[in-house]
Each structure stands twice: as C-alpha cells, then as structure tokens.
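Colleague: Dock chain B against chain A, hints included.
Chains as they are written, first to last, in the numbering used here: chain A, 19 to 269; chain B, 323 to 750.
Check each hint, because a few of them may be wrong.
[To be verified] Ranges between beta-carbon positions, derived for each pair:
| # | chain 1 | residue 1 | chain 2 | residue 2 | range |
| --- | --- | --- | --- | --- | --- |
| 1 | B | Pro-545 | A | Ala-134 | 46 to 56 angstroms |
| 2 | B | Asn-745 | A | Ser-162 | 51 to 61 angstroms |
| 3 | B | Phe-490 | A | Ala-115 | 23 to 33 angstroms |
[Claimed, not checked] Over 12 angstroms on every C-beta distance to chain A, these chain B residues come out as not near it, computed from the model:
| # | residue |
| --- | --- |
| 4 | Ser-384 |
| 5 | Leu-441 |
| 6 | Leu-552 |
| 7 | Leu-578 |
[Unchecked claim] Covered stretches of chain B (chain A as the covering partner; in silico rule of three or more C-beta atoms under 8 angstroms from a C-beta of chain A):
| # | stretch |
| --- | --- |
| 8 | 455-466 |
| 9 | 707-717 |
| 10 | 723-737 |
No lab work stands behind these hints, which were simulated from the structure alone.
Ideal Cβ positions, reconstructed from N, Cα and C, are used throughout, including at glycine.
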Amino acid sequence: MNAEAIIRVRNVTMAYGSFVVMRDLTFDIRHGDIFIIMGGSGCGKSTLLKILIGLKPPAAGEIFYHDTNFWQLDPEGRKGIMRGIGVTYQSGALWSAMTLAENVALPLETYTDLPANEIADLVSYKLSLVGLAGFESYYPSEISGGMRKRAGLARAIALDPEIVFFDEPSAGLDPISSRSLDELILQIRDSLDATVVMVTHELPSIFAIGNNSVFLDAETRTMIASGDPHTLLKESKDPNVQAFLTRGEKK
Amino acid sequence: MDGFFTSLWLQEDISYHSANKRSSNEPGNGLGLRGKGGWAAQGKDMSSPNSSPSPPAGLSFSHPAPDTLCVQFGGVWKLGTRRPSFSEFEKALTPEVQRLVFNTDGLKDWDSMLVTFVLKIAQSCRARNVAVDQGGLPEGVRRLIALSLAVPRKKDAARKIDKRSFFFIVGENARAFVQAARDMLTFIGEVSVALTRLVRGQARFRSSDLGLFIMECGAEALPIVSLISLLVGLILAFVGAVQLAVFGAQIYVADLVGIAMVRVLGAVMAGIIMAGRTGSSFAAQLGTMQVNEEIDALQTLGISPIEFLVLPRMLALVFMMPLLGIYSDLMGILGGVIVAVGMLDINLIEYLHQTQNAVRLMDFWIGLFTAGVFGVLVSLAGCLRGMQCGRDSAAVGQATTSAVVTGIVAIIVATSLITIACNVVGLN
Chain A
19 MNAEAIIRVR NVTMAYGSFV VMRDLTFDIR HGDIFIIMGG SGCGKSTLLK ILIGLKPPAA
79 GEIFYHDTNF WQLDPEGRKG IMRGIGVTYQ SGALWSAMTL AENVALPLET YTDLPANEIA
139 DLVSYKLSLV GLAGFESYYP SEISGGMRKR AGLARAIALD PEIVFFDEPS AGLDPISSRS
199 LDELILQIRD SLDATVVMVT HELPSIFAIG NNSVFLDAET RTMIASGDPH TLLKESKDPN
259 VQAFLTRGEK K
Chain B
323 MDGFFTSLWL QEDISYHSAN KRSSNEPGNG LGLRGKGGWA AQGKDMSSPN SSPSPPAGLS
383 FSHPAPDTLC VQFGGVWKLG TRRPSFSEFE KALTPEVQRL VFNTDGLKDW DSMLVTFVLK
443 IAQSCRARNV AVDQGGLPEG VRRLIALSLA VPRKKDAARK IDKRSFFFIV GENARAFVQA
503 ARDMLTFIGE VSVALTRLVR GQARFRSSDL GLFIMECGAE ALPIVSLISL LVGLILAFVG
563 AVQLAVFGAQ IYVADLVGIA MVRVLGAVMA GIIMAGRTGS SFAAQLGTMQ VNEEIDALQT
623 LGISPIEFLV LPRMLALVFM MPLLGIYSDL MGILGGVIVA VGMLDINLIE YLHQTQNAVR
683 LMDFWIGLFT AGVFGVLVSL AGCLRGMQCG RDSAAVGQAT TSAVVTGIVA IIVATSLITI
743 ACNVVGLN
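Just chain A, with the same shape it has in the complex:
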C-alpha cells in the first residue's frame, strides 16, 4: 500500500520530567491504515497517544499532520487539527450527567451552526452507525461497558473526523463484544474513509484488523519494530517482538 502518510512521527522523545519514557520514535501512519501502537504494559503507548492527540507535548522531535508540524503550531492552530480527529477512550469517557444523545450532540453544537432538528437527525444517525439506535435518552450509567465504548465512538465520529484514535478499545470486553467492536472499527474506517490509530495489546484485535504497527519496547526505551503485524510475526527476529506476538511462547 502506497497511500500518503497522514501522520509522520520524526525522532520523538517522550519524557516525564527528566525521566525518558521513549526516544527516537520515527514512523508514518498512512491514509486508510488501521495502525496499532503496541508493546508491553508501561512502555509508553498511552503517552504516545497523548502526544499524537495534543494532550502532552513531546520532549523532543516532531509530529506532522500532513505537512503541518503539529507541536510548532500555536494552541489555536493545534485546536484546528484536533477538531479533525476523533478520540475514544478506554472507559468511553462519556459525560455522565448527559444522555447519549447529548454526548454526541455536544461537538456538533460546539463546532457547527446547525439548527437543533438537524443536530437531532445527525445524533440519531451516528448512534445508529454504532448500533445504538433507540438509546438516545439513556445515561452512560444505564448501559453496559461495551455500549459505552460504542457510544464513545459515536461521539468521536460526530464531526466526521479524518482520523479516529482508540485507547485500548477492547479492554474489559468479552471476546464476542471485542470482536464485534473490531468489526465496527473496520466498518467505520471503510465507510468514513478514515484512518484508525489504536493503542492495544489485545492480540486477536491486532491480527484481526491491524495492517500497520509500531512496537515500543520498555527495555530499550525505543521502537524496535514497525510494519504489518502479520509480517512482524513471520519475519521479525527480535525476541521481544516474537514473545509479545506469540504470548511468550517464543523468546
């Protein structure tokens, strides 16, 4: 696949104060990818996600969205880019005092001048895309964890983003719900012609939908592999990558 690189990460170092979590991260995320950020617990996957979505600046290095150096923009410029991305969080991160409809409507009310009836149409449509048609008036506390994640996805795609980020989408879900969420991610990617970036260490999800990846290694504190997860499984000689992708059966 030779699609254009939509995000380019160049020599990024992540740190908390003087403690360096990861250094020299360089990779591309191409248009249409389902890109997996993987690695063991505590290796800095979620920190990298925070840097990509504008919640935490890198200690060094650059991130380009298309040709724009994201972290060199002023906060307003970064906001402009952030409006074009959708993020779903591990727990769904729905606002608990709002119904599902209000959760999905908020970005539409904030960033568009649409009248209330059109926003209501869009909210119903977005919820139906994630299989939650009819649940508009429910509060997050009244639905299951899997439904909360799907509602979080409906909110993330409210503004038809070009890139959708997922933080541990399958965490806490049973295998069937997890698979169903994987399929939904694929459908959303294909239907919206979007790019998906996913932080996960769920092997079934990685192999089911991922077509590009980066592997972060906590020992060396840098990336030690990148590419299609299936190819990494077959061709990577690195024992840590093999151990991770085979659940420790090979090392």
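Modeller: Here is chain B on its own, set in the frame of chain A:
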C-alpha cells in the same frame, strides 16, 4: 423504517473487510471537517465550517416518468453548509409518485449532512409506500446507510414519559423521606457498632490514616478559620459599636463579641467552614472510592468500610472541631479588639478585662460542647453521603453537594436545639 429500508438498500453485497475505498472520482471525501490538501495547512483552522466559502447545497427535482421522482443533489452537502429545507422534498413527493431515484451528478462534496437527509427521505417514502432506488447515490452514502441500518432500532429502549398525579408525587416523596431516614439511622447504628469495637480494641483501621485526617481537619483548616472568624468578629463589633455608641456604651462591644463568639458563633463558624471544606471532601473521597469499586474490594476482604474508612475520618473531625471552635473564638475576639482599639479608642487592656468579666466558664463549656456536636454531625453527613454515592462521576458531585447541605442544616438545627435546651435547664 428499518425493515423497509434494509430490504431496499442492503441488496448489494457490502464486505466490510475489503479495502474497497471510495473511488477517487467519487464526489467528496465524506469528511466534514477536512480541508482540501490537508486540513491544517499553514496552521489555518481548516476545521471551521465557515472557514472557506463553499457552493451551497443544492436540491432539485425532475420526473423522468410520470410516477417517478428524481431527487437531484448538487453543490456541497457538508456540516458547515446550509441544508435545503426538507419541506421542499415533501412538496415534490406528490401522491402520483410511486418510485424515487437519485441523481448526484452535480454533487461536489458531502458528509453526514447528506446521509441524514437521504435517511429522512427514505423515512418519508416508507410512510407513503414509495419505492426507493439507491442506484444514483454515491457508494459511500449507500455504505453508511447500510451500516446505520445494520442494527435495527431498539423499539423498547425508548423511555415512556410517566404522567404522575400530585398524590403520587407526594406519596413517592414521603416514601423517599422515610427511606432516607431509615438509611441514616442504619448508618448511625453501623457507626455506633464500629465505635464500640474501637473501644474494645477490635476495630481495624490504619493509625497513619487517622494522623493524616487530623492534619487535614486541623492544621490545614487554620488559615480559612482564621480569616472567616476574624471577619465575623470585626463585623459583629462594628455593627454593635454603632448601636452601643448611641448610649455611650461602646465598652460593651467586648461583652457582645466575647459572649457571642465563645458561646455559639465560634463553633457555628468553624462548623460551617468544616461542612463546606471537610464534609464535602469526605463525601467526594468516599464517593470516588464507590465509583472505583474500592469499597467493594474492602468488603470482599472482610474489612468493614465503616471501621476502615468512616471511623478515622469521624474521630479526626470530632477531635479537631472543639479545638477549631476555641481557635475561632480567639480569632473573633481579635476582630473585636481591632475594631475597639482602632475605631472606638478603647484601651486594649480595658477591652480584654471587660471580655474576661463578661465571658463565663459555662459559656466556654457550652461552646466547646456545641463544637463537638458539630464535629459529629459534619463528619456523619460527609461520610453518609459518600457511602451512599452512586457509581458514576455525576453521583460524586451530588454526594458532595448533599453532604454540605446536610451538614449545614444539621448545624443550624443542632444550634437551635442546644440553645433551647440550655434555656430549659437554666444555663443562660
């Protein structure tokens, strides 16, 4: 509309796992917030719906056959553009129309705006038994519609709006009140049992927690108690001085401030501050622990949450409140001194001597007792609301608010009861 629409629109075999992307010559990229050639080019906010002028969304109609209506979409159908009124379509859908087709030759760009409009058209056609031919729509639109209809709308999920009678509401509230009173008594009972176990040396909690809460309730509260009590003393002395000056009896400002602060106001001010500061903090801490299932974890380990979590908080506040009450008394008297010496030209020694004569030891004991009672009430209110907290973040906010309201109401009611009781037994 789901069944009808699905039957018409899911005739195509849509494989979600294929990498079958929207063709490059298909109008639009379907992404409302993207600009051409990268939405962040030159750092401009390309996501703003109004950032670049777009050809307006166009809607027109034709009749390729007498019973067929062709809906023609043109221009840009995106979230930032104004959508044509749906009534235009409804006018065009005359009773003669039996079949509906689409033409998107003039469509420049589209996103969810177009999809929702087409969904409304289909709903309207279903109501009038008009067949819809999806062939003229962009493939992406067809795919999104298929996806949105893949899971049928859950009809029994919609909420029913109950029409409640006045008597029903009164009855419900009365029942809720009784239940709340019962819950409160149960909680007080559980705390009493835990206290008994504490006296017997059987209660289990960490002494380091108790030390931490004593510091939070005591030393860390001193700045705010100082400020508020000093200001209350100042206000009391100032208002009293204006009235007493009429009779040339300014010196009695010392009596007014001294007795009021020591007997009741010092304790009340400290109590209200602690209800807002510490009672709410207890409720928020315990509420968050409910949300995170930390309290469940204690219970499954066989550790009583009342002993482990409530008891140290209660003990800390009950120990600290009388001390804070005394401190508040002193700060209030200091406020009186500032007004008396600064405004009324009363000598400092004279003022303190007058205060010493006015304030009896009984006033001090009553103030101390009142502060102790407030300590029990504020800690009970905070811990009760925290333990009753629901399982989401909104519930933590409600628990916190409720703890403050309950604490302050309890303080006012207790002050009234103590004042009346003192009168009845002759402790004036």
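Colleague: Now, for every hint given, state plainly whether the structure supports it.
Modeller: Hints, one by one, checked against the model:
1. About 48 angstroms separates the C-beta atoms of Pro-545/B and Ala-134/A, a value consistent with the hinted range of 46 to 56 angstroms.
2. Distance hint for Asn-745/B and Ser-162/A: a CB-CB separation of about 59 angstroms, consistent with the stated range 51 to 61 angstroms.
3. Evaluation of the 23 to 33 angstroms hint for Phe-490/B and Ala-115/A yields a pass: the beta carbon distance comes to about 26 angstroms.
4. Every CB of chain A lies more than 12 angstroms from the CB of Ser-384/B, the least distance being 25 angstroms, so the non-interface label holds.
5. Non-interface status of Leu-441/B relative to chain A is broken: a Cβ of that chain comes within 12 angstroms, the nearest being about 6 angstroms off.
6. With a least CB separation of 38 angstroms from chain A, Leu-552/B remains clear of the 12 angstroms interface cut-off, as annotated.
7. Every beta carbon of chain A lies more than 12 angstroms from that of Leu-578/B, the smallest distance being close to 47 angstroms; the non-interface claim holds.
8. Counting residues of the stretch 455-466 of chain B whose C-beta sits closer than 8 angstroms to any C-beta of chain A gives 3, which meets the bar of three, so the coverage hint holds.
9. With a cut-off of 8 angstroms between beta carbons, the stretch 707-717 of chain B has 6 residues touching chain A; three or more are needed, and the interface restraint holds.
10. Counting residues of the stretch 723-737 of chain B whose beta carbon lies closer than 8 angstroms to any beta carbon of chain A gives 0, which falls below the threshold of three, so the coverage claim is violated.
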